[in-house]
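Asks: Work out the full structure: start from the sequences and follow the hints.
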Amino acid sequence: MVKRLLKDLLARRAMFLFTAVPGVLVFLMFFGLYDRSRSILALHSFPDLLFGSSWFPLKGQFGLYPFLMGTVWVTLAAMILAVPISLLSAIYLSEYAPRRIRETIKPVVDLLAGIPSVVFGVWGVLMIVPLVAKIAPAFGAYSTGYSVLAGAIVLAIMVFPTIIHVSLEVFASVPRALREASLSLGATKWETVKHVVLRKGLAGIIASVALGFSRAFGETMAVLMVVGNTPIIPKSPFDSAYPLPALLANNYGEMMSIPLYDGALMLAALVLLLIVLVFNIGARAVLIKAERKAE
Amino acid sequence: MDARTHISIQNLSVSYGRQRVLKDVSVDLPDRKVTAIIGPSGCGKTTLLRTLNRLLDGMDGVKIEGQVLVDGENIYDPKIEVTRIRQKMGLLSQKPQVLPMSIFDNIAYGPRIHGVREKAKLRQIVEQQLAAAGLWDEVKNRLHEPASRLSVGQQQRLCLARGLAVKPEIILGDEPTSALDPQSSRIVEQRLIELKADYTVIVVTHILRQARRIADYIAFLYLGELVEHGPAAEIFANPRDPRMKAYLTGEIS
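Protein chains in written order, with the numbering used here: chain A, 1 to 295; chain B, 1 to 253.
Worth flagging that the hints you see were computed from the coordinates, not collected in a lab. One or more of the hints may lead you astray.
Covered stretches of chain A (chain B as the covering partner; in silico rule of three or more C-beta atoms under 8 Å from a C-beta of chain B) [said to hold, decoys possible]:
#1 169-180
#2 183-190
#3 196-203
If you're wondering where the values come from, they're calculated on a predicted model, not measured in any experiment. C-beta: ideal position from N, C-alpha, C; glycine also.
Replies: Right, dumping it as structure tokens:
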């Protein structure tokens, strides 16, 4: 009898422990990165580093602003491409497509999510980079093709399955009878989608977009291969960029020889972590508001 | 029966995949009367109701044969505009389905879709429908709150008012009281009886007593077949088919 109770208690404690690990890990990472970047923070103020735009490690200049902007530009451009297209696809699949088409396309979309990002990178170099180089003159710009736009296109394609998959689940959770209530008033399908399904699913759709964004912020490999990686603030989608994850991935091995380089990279990692944290908290706030609205 | 026919169902068969749910149903439903579609569960009652509203359209694997004439017009004619057919019929579902918006917007939704833009006109429609549903006094100070905050009984009355706001001719009820408490059920039943002065009312119900209380006309379905139909008084007094008799005595349910 006592043994059974003991087992129960132990199981509960153990499970609590395992559940607590991820939460604690975020803090451990945060403080670890902070600790390692103290060397550079002792010499320069955090705002100076964050908003400084010259990156010359050999001269001891470690402005992170170009990388910050690189991340923001590539991510935003990717989401501008990905959100409308993937939402419309999800709406088509959930509301309009016959079951046969839906059941064929869904696994294909999910398969897209499973393709290693380096494969997307290679494909981007072969297909998207030359394409961007070719279309840039039409917009009055010159581009090697290695650019924000190329990164955004590749990233958008990678984010696509996440948003489609999650928003399909969201649409599936909207009761059929609710759609019928709208249809039976003489509404068209599109009116029903716009006023009822999207509104009811708003919170979930925001969550799906936030999930997509989170992935886009941190995606390294494919982006690194097609954005050009020059530490300059991009002025147009045809300019090259250098997002934070690419900076880290490209330089982590060689940083030992240059003083403070280590600290600067750790700070860059910390900034990336902060961006994602702030974004997630913001998304949560919007989500709560949307849930209230969908009542 | 002396009433004129409003809906004429002719040789209607419906199958879901291989399963035939309705088998060659033909019946004329009278204008401005309450018709109750009754029968044991799984007999095709709800399917029959939904064919009237063309809600089965476009569902995967559904095949519909036969005709449904509303005011002499075949609603399954491919040239017909389905939104106009649906607007003609208000639907009341098993569980109230309030739209995810305010009480006001729930009623205004239909008129807005059909092109009513003026605020004053919309307000007038909302007030009139809520008053007719007996809800106005309960909600007049909270018109802009989410409709989901109403009680289930209030929600069902709101759904009825919402349906009436698009000026239908027919009201379809799919076991409209099954989720309600006894008192709310009585209010909704009473409303349906009042509404037959202006509308043709068709209600699916599995509650025999409810059919006795509200129906002028009965259609009894059994395993997808229309077994018996006719004026309620006659059918309840003198059921002809043995299956009808068995259902009335509770031997099959």
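Asks: State whether the coverage of the segment 169-180 of chain A by chain B holds or is violated, taking the criterion as 3 or more residues with Cβ-Cβ distances under 8 Å.
Replies: holds (count 4)
Asks: The segment 196-203 of chain A covered by chain B? Criterion: 3 or more residues, Cβ-Cβ distance below 8 Å.
Replies: With 3 residues closer than 8 Å to chain B, the segment 196-203 of chain A meets the three-residue bar; holds.
Asks: Checking C-beta pairs, does the segment 183-190 of chain A have three or more residues closer than 8 Å to chain B?
Replies: holds (count 6)
Figure legend: structure checked against the earlier numbered hints; every hint is met.
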